[in-house]
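Chemist: Taking the hints into account, I'd like the entire structure generated from these sequences.
Number of protein chains: 2
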Amino acid sequence: MSPPRKSSSNRRRATVSIRDVARRARVSIATVSRAVNGISSVDPELAKRVWKAVEEVGYVPNTQARALVSGRSRILGLIVSEITNPFFPELVQEFENLAVAQGYEVMIGSTNYDPSRTELLIRRMLQRSVDGVAVMTFGIEEELVKKLVEREFPLVFVDAGPELPNIRVLKVNYGEGIRAAVQHLAALGHRQIAFISGPLRLRSAGARRDAFRKSMAEVGLSVPSRHMIEGNHTMEGGIAALAQLSALAELPTAVLCSNDMTAIGVLHGLYETTHKVPRNISVVGFDDIHLAQFMLPPLTTVQMSCKDLASAAVQALRAGIEPNHPKATQKEWEIPTRLVVRKSTDFPRGSLPALGRVAAARRGAPREG
Amino acid sequence: MSPPRKSSSNRRRATVSIRDVARRARVSIATVSRAVNGISSVDPELAKRVWKAVEEVGYVPNTQARALVSGRSRILGLIVSEITNPFFPELVQEFENLAVAQGYEVMIGSTNYDPSRTELLIRRMLQRSVDGVAVMTFGIEEELVKKLVEREFPLVFVDAGPELPNIRVLKVNYGEGIRAAVQHLAALGHRQIAFISGPLRLRSAGARRDAFRKSMAEVGLSVPSRHMIEGNHTMEGGIAALAQLSALAELPTAVLCSNDMTAIGVLHGLYETTHKVPRNISVVGFDDIHLAQFMLPPLTTVQMSCKDLASAAVQALRAGIEPNHPKATQKEWEIPTRLVVRKSTDFPRGSLPALGRVAAARRGAPREG
DNA sequence: CAATCTGACGGAAACGTTTTCCCAAAATTC
DNA sequence: GAATTTTGGGAAAACGTTTCCGTCAGATTG
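These protein sequence lines map, in sequence, to chains A and B.
Here the first sequence is numbered in our numbering, starting from 1 and rising by one per residue.
Here the second sequence is numbered in our numbering, starting from 1 and rising by one per residue.
Keep in mind that the hints are not guaranteed to be accurate.
[As the list claims (entries may be wrong)] Restricting the straight-line Cα-Cα distance to at most 25 Å, the calculated cross-link-like pairs of lysine to any residue (SDA-like) are:
(1) Lys343/A to Ala240/B
(2) Lys48/B to Lys52/A
(3) Lys48/A to Arg23/A
(4) Lys52/A to Ser116/B
(5) Lys52/B to Leu126/A
(6) Lys276/B to Thr273/A
(7) Lys171/A to Lys276/A
(8) Lys276/A to Ser116/B
(9) Lys146/B to Thr274/B
(10) Lys48/A to Ser17/A
(11) Lys343/A to Thr84/B
(12) Lys343/A to Asp114/B
(13) Lys52/B to Lys52/A
(14) Lys307/B to Asp114/A
(15) Lys52/B to Gln127/A
(16) Lys171/A to Gly189/A
(17) Lys276/B to Glu272/A
(18) Lys307/B to Leu120/A
(19) Lys276/A to Gln315/B
(20) Lys331/A to Asp210/A
(21) Lys276/B to Lys146/A
(22) Lys327/A to Asp159/A
(23) Lys146/A to Ile239/B
(24) Lys276/A to Lys307/A
(25) Lys343/A to Lys52/B
(26) Lys307/A to Asp114/B
(27) Lys276/A to Thr274/B
(28) Lys276/A to Asn62/B
Worth flagging that the hints you see were computed from the coordinates, not collected in a lab.
Modeler: Dropping the structure here:
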C-alpha cells in the first residue's frame with residue numbers, strides 16, 4: 001500500500017484531497033489526476049469510478065497546488081484605466097464572463113493614470129503569477145510595460161504595443177466609426193465641427209483624434225486649431241472643454257467627443273448655458289456606454305463594442321498562453337466600430353427645418369432599431 | 001551540504017526561489033523564510049544579509065507555494081450586485097485600495113441578481129481558497145449563503161446575515177440619513193412624498209423603505225400605498241416608476257428614491273414630461289454616487305460613503321481571518337449616512353417663492369461645501 | 001510459442017514555500 | 001567550573017497537485 005502519509009483528516013482543515021478520492025476509488029492518485037483532467041489514456045470504466053468517488057467525497061482540486069506544480073495559475077490579468085469610468089465595468093463584466101466560461105479566473109486592476117499605482121499593479125499580478133495580462137487602458141507608460149515584457153509573458157494591448165513575439169495587439173478600427181460620424185454630420189450640413197480629444201499622452205486618444213482629422217479631410221473640411229480641444233475623458237473635462245469652445249466668437253455647430261463621458265459633460269454644459277441639443281448644436285460621443293441611450297437627448301455615438309473587445313482580448317491571451325492554440329501565431333485582432341445615430345444630432349442651426357432629416361441621417365448610418 | 005536538488009535553473013522558468021537566496025546569503029532556507037516574514041527570532045545581522053541577498057537575486061516569494069503550505073491565500077473575496085451599477089465600482093475601488101495596502105489581494109465578482117451566477121461565483125471563490133468574503137450585494141439568496149456558512153469561513157454581510165460566530169455585519173444606519181431627507185422635505189413644506197424602493201426581495205431595499213415609513217410617521221405624515229412604488233435600482237426602473245406616479249390623479253410634490261440610479265431615471269422621466277425639477281417636483285436620491293453631483297439639477301441625496309463601507313468591510317474581514325486581531329470579537333460595524341442637499345429639492349409647487357429657502361434647508365442638513 | 005510491442009496504471013519526484021522539531025552554542029545560574 | 005536554561009538556526013516534513021518513468025499484463029508479430 002501507500003506509505004503511511006497522514007490522511008487528510010489533519011489538524012488544519014477538513015479539506016478533501018486527491019488522496020481521499022484515490023482511496024475511495026481504489027486507484028492511485030496519478031490516475032485520479034488523469035481522470036479529473038480528462039486525459040484520454042485512462043480507461044473509461046475506471047474514469048467513471050473515479051468521478052463517482054469525486055462526487056461522493058466532494059472533492060474539489062486545490063488551485064494553489066495545481067498552479068504550483070504546473071506553473072500555470074489559470075488567472076488572466078486585466079488592467080483598465082479607471083474602474084469608475086462607466087465604460088470599463090462593462091468591459092470587465094464581459095471579460096470576466098468569457099474568461100470564467102473558458103476556465104480562467106480574472107484579476108482586475110485600474111491604473112487611475114498613476115504610474116506608481118500601475119507599477120504596483122503589475123507587481124501584484126506578477127506575484128500572483130497570472131498567465132497573461134490584457135492591458136486595456138487606452139494608453140500606458142511604455143517604461144512600465146517593459147517590466148512585463150522582459151519576462152516572456154503573454155500580453156495583449158489595445159491599439160499599439162512593442163513588437164515582440166509574446167505581444168498581441170487589438171487594433172481598433174477607429175476610422176470606420178469616426179468616418180461614419182463625420183459623414184453623418186457633413187451630410188446634415190455641418191461645416192464647423194469641433195473635436196474634444198482625450199489626454200493626448202495616451203496613444204488611443206491620439207488615434208481617435210487622427211481618425212477625426214483624416215475623416216474631416218476626406219469630406220473636404222478643415223479644422224481650425226481652436227476647434228481641437230484636449231479633454232481628459234471625464235465629464236468634468238467635457239464641461240471644461242465646452243467652456244473653452246463657448247469662449248470663441250462663434251460656437252461650432254457640432255462637437256465630436258473622444259468618449260461618451262466627455263460628451264455627457266458637454267451635454268450638461270450646454271444645458272446649463274441654455275443651448276438646445278440638437279437644435280443649436282449637435283453632439284456625438286464615442287464608446288456607446290449603457291448610459292448614452294439614457295441621456296437627454298439620447299446620445300448619437302460611435303459604438304466600440306465591449307463584447308468584441310473582451311472576446312478578442314480573451315482569445316488573444318489564450319493564444320499566447322496555450323501552447324497549441326489554433327490562433328497561436330496571430331498577432332493582430334481587428335475591432336470594428338460603428339455609428340449609432342440617436343437624437344443628439346440634427347441639421348445645423350440656421351438651416352431649413354427638418355424634412356429630409358431621416359433620409360440624410362440614413363446616409364450616415366442606419367438608425368438604431 | 002544540501003542534497004543535490006536541482007537548482008532553480010530548471011527547464012520551465014528562470015524563477016528565482018528561496019533556495020537561491022539561501023545559497024547567496026549562506027544560510028538555510030528556513031532562515032530566509034523567517035527573515036522575509038519578519039520573525040523576530042532571527043539575528044538582525046543575519047536578517048540584513050538575507051535581505052541583501054533577496055535584493056541581489058531579485059527574489060519574490062511564490063504566492064501559490066505560500067498559500068499551499070500556510071493554508072491562507074491572502075485573497076479577499078468581494079461580491080457585489082452588479083459591477084455596471086456606478087455605485088459598485090466606487091466601492092470596489094476603495095475596497096481594493098485598502099485591501100492591497102494591507103497586503104491582501106482582491107477577487108471581485110458580481111451576481112447580477114442571478115442565483116445560478118451567484119452560486120458559480122461562490123464556488124469560484126472557494127476554489128481559489130479566498131481567506132474571507134464580503135457580500136456587499138444589498139440582498140442575497142439565503143440558500144446560497146449557507147454554502148459559505150457551512151465551512152467555518154469569515155464572512156461579512158451588509159445589513160443582515162445569519163447569526164453565527166464567523167459572520168460579521170455592517171449595519172448601515174439608514175434611519176439617520178433618510179430621516180434627515182424626510183425632515184428636509186417636510187421643512188420645505190412637502191406633504192405628498194412618494195418613495196420608490198428597490199426590489200423588495202432584497203433585504204436592504206426593504207430596510208430603506210422601512211426607514212422612510214418610520215421617518216414619515218415621525219413628522220406626522222402618512223403615505224398612501226399609491227405613493228410607495230417598487231423599482232429595481234436602475235434608471236429604467238426609475239423611469240417606469242415615475243410613469244406609474246404620473247398616471248395618478250395628482251403627482252406628489254416630492255419623490256425619494258432608494259438609490260441614485262433610480263433618481264436619475266426619475267429626473268430623465270420628468271425632463272421628458274416637461275416637469276421642472278425642483279420647481280414642480282423635488283427629487284432625492286440615495287448613495288451619493290459620483291454622477292449625482294453632475295445631474296441637472298445636481299441631485300440632493302443621502303450619502304452612504306463607499307470609503308466607510310469599504311474600510312469597515314476590510315477591517316471586519318481581517319478581524320475574522322487573523323487569529324489575534326484587536327477587534328476579533330466585534331460582530332457589528334456601524335455605517336453612518338447623511339443628507340447632502342444640492343439643487344433637486346425646493347419648496348413644493350404652489351407655495352410662496354423662495355426666501356427662507358436656505359434657512360429651511362439648513363434645518364434639514366448643512367448644504368454641501 | 002517465444003519475442004516484441006503497446007498502453008494503462010502506480011510509485012515517486014518535483015513544485016516553492018512554511019513550520020516543526022531538534023541540536024549546538026551561548027548565556028545564565030548555582 | 002559544572003549544570004541548566006535560553007536562543008538561533010538547520011534539516012526535513014508537509015501542503016496537494018502534475019508528470020515522469022518504470023512495470024506488468026495483454027495484444028501482436030514472426
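Chemist: Identify every previously stated hint that the structure contradicts and give their numbers, smallest first.
Modeler: Result: hints 2, 7, 8, 9, 12, 13, 16, 19, 21, 23, 24, 25, 28 break, sorted rising.
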